[in-house]
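Engineer: Going by numbering that gives the first Met the number 0, the sequence shown opens with residue 0, and the numbers climb by one from there.
Hints may contain errors.
[To be verified] For lysine-lysine, the following DSBU-like pairs were computed, each having C-alpha atoms within a straight-line distance of at most 30 angstroms: (1) K79 to K67; (2) K10 to K30; (3) K85 to K67; (4) K30 to K64; (5) K87 to K67; (6) K34 to K17; (7) K30 to K17; (8) K85 to K68; (9) K68 to K79; (10) K34 to K64; (11) K64 to K85; (12) K17 to K31; (13) K34 to K10.
No lab work stands behind these hints: they were computed from the structure. Since this is a predicted model, take the numbers as computed values, not measurements.
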Amino acid sequence: MSLSILIIIYKTDELNQKSTCSILEQVAADKKVRKMNLYNLDMIIFVGYRVNSIGATQFRIWATKILKKHLVAGYTINQKRLLEQKDKFQELQEAVSFILAI
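Construct the entire structure; sequences and hints are all you get.
Structural biologist: Written as structure tokens, this is what we have:
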């Protein structure tokens with residue numbers, strides 16, 4: 000990720016560094032502690048729409064497809080996540096039952 004893009008995003012107050020970045024400490028094989036910045040989804044989206052690379056273009060195509068699907072359908076379902084979290088599936092079933100009852 001280009002550091003200059005991050006600096007511009009933070010300098011122009013488009014995003015707040017405290018809420019979009021945390022520091023992750025990792026112990027390497029040589030026993031040295033290395034600090035890495037870990038960015039949240041907001042920052043990933045901002046950078047993905049600014050960078051001009053093959054990976055960024057693929058990200059924009061994927062993100063736009065998901066967003067368009069959500070806007071047209073009016074909802075989004077993450078099937079993999081629902082299967083992994085059975086309680087969320089139950090919540091979804093209850094929400095669908097409520098909608099059908101209207």
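Engineer: Next, verify each hint and record whether it holds.
Structural biologist: Taking the hints in turn, this is what the structure says about them:
no.	hint	verdict
1	K79 to K67	holds (20 angstroms)
2	K10 to K30	violated (35 angstroms)
3	K85 to K67	holds (27 angstroms)
4	K30 to K64	violated (43 angstroms)
5	K87 to K67	holds (24 angstroms)
6	K34 to K17	holds (16 angstroms)
7	K30 to K17	holds (28 angstroms)
8	K85 to K68	holds (24 angstroms)
9	K68 to K79	holds (17 angstroms)
10	K34 to K64	violated (34 angstroms)
11	K64 to K85	holds (27 angstroms)
12	K17 to K31	holds (25 angstroms)
13	K34 to K10	holds (22 angstroms)
This entry does not satisfy hints 2, 4, 10, going by the numbered hints stated previously.
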